[in-house]
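Colleague: First to last, the protein sequences are chains A and B. Be aware that the first sequence starts at 22, since it is given in the numbering used here, and climbs by one per residue. Be aware that the second sequence starts at 5, since it is given in the numbering used here, and climbs by one per residue.
It is possible that part of the hints are untrue.
Per label pair, the in silico range of CB-to-CB distance [unchecked claim]:
no.	chain 1	residue 1	chain 2	residue 2	range
1	A	G524	B	N297	54 to 60 Å
2	A	D214	B	L29	27 to 33 Å
3	A	Q418	B	N32	21 to 27 Å
Bear in mind the hints are in silico, worked out from the structure with no lab data behind them. Using N, Cα and C, we set each Cβ at its ideal position, and we do this for glycine too.
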Amino acid sequence: MKRLCFLLAGLLVLAGVTAGPSLAARAGGTLVSMAPYGGDIGTLDPHKTARTQDALVIKNIHRSIYKWNPAANKPTPDLAEKVDVSKDGLVWTLHFRRNVKFHNGRTMTVDDVIWSLNRIMNPKTAASGARYIRVIKGAKAVEEGKADHISGLKKIDDYTLQITLAEPVDLAYSLYDPNVAILPRDVVEKMGDDFGTNPVGNGPYKFVKWVRGSEVVLQKFPDFYLKDRPYTDKLVIKIMGEGAARDIAFRAKELDMTIVGAAQYPQYQKDPVISKHMVEVAEMYTRLMVFNLDYKPFQNKKVRQAINYAIDSDLIIRKLLKGKAFPCKGFLPPAFKPTAKAYTYDPAKAKALMKEAGYEKGFTFECIGTANKSWGVGVVEAIMPYLKKINITVKIQQMEGAAMAARAKAGDFQALIWSLDSGPDPLVALMRWSSSNPRSSGNYANYHNPAYDKLLTEAARQRDPAKKMALLRQADAMLCDDAPVWFFNYNKAIMAYQPWVHGVQPVAVEMMYQDLMDIWIDDSSPRANEK
Amino acid sequence: MLAYALRRLLQFIPTIFVITLIMFLLLNVLPGDATLMAGGLRKEVDAKVMETMRRQFGLDKPLYQRYLLYVKDLVTGDLGVSFLRREKVNRLVGQRVWPTLKLAIMAMAIAVGVGIPLGFFSALRQGSLLDTASMVGAVSGVSIPQFWLGLLLMYFFSVVLRILPTTGYGGGDLKHLLLPAVTLGVGYMALLARTTRAAVVEVLTADYIRTAHAKGLSELRINRKHVLRNTMVLVLTTAGLQFGALMGQTVIVEKLFSWPGIGSLLVDSIFQRDIPVTQGCILVIIVVFLVVNLAVDLLYAAIDPRIEYK
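Given the sequences, and given the hints that come with them, work out the whole structure.
Modeller: Put into structure tokens, the structure is as follows:
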């Protein structure tokens, strides 16, 4: 009997040892990340910026009520612990964690939450997050200056908040964005405008210093509400908009992680070490060429479809973009599992459609775009020969970003090539093309389709997530068939990381929205013991 | 001469005034505005928020009103508040001026320290290997694109040799300053080498040099006393004027090396249509340019006794 026990114990030990090396997360060290979206950080006050470049630094210092969960591909509660929703979907009761501390030591309460939401709607703040908080009852009145606080917010106790909505929407999508983070009232009121350069938040890292135009340095916050996070002691975010400079810094091991640009992608794929440490994801950005439906030839659906059939998108993605994109079908990106029927490369069909439409002789149109390599005039140059085959002549006008945006909003174009965000809320993404959304708010094609609108209204009312998604997919398929745009591709975001970095995830909403508190570095990092 | 200097300083005021007016008009005529670019090109800002922003930034006021407000603030030294950064422009620009000055001074030091001696000795040994090699180098230096040179130096010194960091400010220490300064300075070094050489060659053919030879003075004495001093005037003028221009041309190097300077701030603010910041940067650069030019003129008079200002 004793021998049997020993044998059994021995086997168990053996099993444990040979079960494979499961690395336990290691605490400590310095992580060096980068902010790749060009230009300096504007401000570290989450309510006063709308830029992704700022948000990716901000989300380490400040937290919001919800946060994006890349595994579930939707927002889940963060500062809130538990959320109860009433049957009609209008009343949300948020139960907050009791151990959330700000970097100055004070515990966060519902007062800070209410104050932050009011600050966002206050016209003096001119916060971009107002578009999210507007769904709360009484928020619009504050935005228009008619009230000084949101009536739909009711404090139950120090850690419980009741929110009444104007309409039954999914509040989670309004409360996860870094721009609606919860800030400490006392600090912001005391510091005023200086808060943007010396922020105090409730996130895993606290602010140390910001060398303007160069880097932001953050330090681990020991009283963060998740006991074992963040893993690293120090976080340095270098501001590096140039892909070539990031490439060199990455190879010199000065960067722990980097966003890979199209120019570097083929080399990185061939590199024996780097290729094993890359994460790719189809981001929620759809690249397309928008047809201005006020321009006569584009009013004919057959013409629009013909253009979609005439162009070999796959080839352009492979050769021009070096594979750094996913071919597109419809507007919704792969994260939402769209069921639309993609346009194949079928020049014969394109010709036939043009003939049916009465445009056999073709026509000319002008396309405006920026100098961007992935969705700029370079792509239009690539499609010119394809369209020539169906007798369409394309003229190009390259423009600077702000100038093009101005023309887009005014409808002063025939076609334009751009990258538009198609997430994270699929309903919001598709609402862009609804009749109720004017061109100045993003319906650049000026698309009006009552059947499409009807599907979206039904989807908005639908509380069952599966049924809602089915309706949205239907709407997306309808949009694809109607083709108010040439569907080009979804962005492929690629993050490369050093072999000693662990925890990098594919985040579809925006690769740079990695939660850096979940990333740890092992002993082989040159900064493994740097504090 | 003091009267002259004071007069020149007073002339700054109308100059700056005219420049701010032209700048203001040009910037406000550009298509697109800060509210459009608030989210960068990738993210759009909600229409209602754009309206609110427009009112906050004062963009809904008529042009002349905005200009008067701007001048009123300018006279008290207040450069306004940045649209997108919500910070006082004085502080924003103030933080970025010193790194650019440092970069420009170092680049100029390299240009002067290497370029002038190179040009000098090339001229003294015309037709020699040194002469040919340095002039070939000079032409290359002027032609090389800064972006390419910067990346090359970065790769060689940071990745291959590992003796210098790739990017960053690092508190402004020499290690971080070296690569950007060399990248920036190479073009000017080449220019100064050629200018110096041309100036020396011309001086060497002058009559007083022949007289000095005839008097029996040593080569060294001639070079030091006569050639050098006569060429210095021309060369220093060139170098000084280059420095003023240099202040406005650092953007490529700053962007590449993540150097926190005023050039990258200026370019960013133009793309973002952040008008107060753009105006602030341009103003600072122009003031530096004017001051340096004045200093060069005064130095000119100090070195060359033939020149006299009234």
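Colleague: Looking at the structure, which of the earlier hints fail to hold?
Modeller: none
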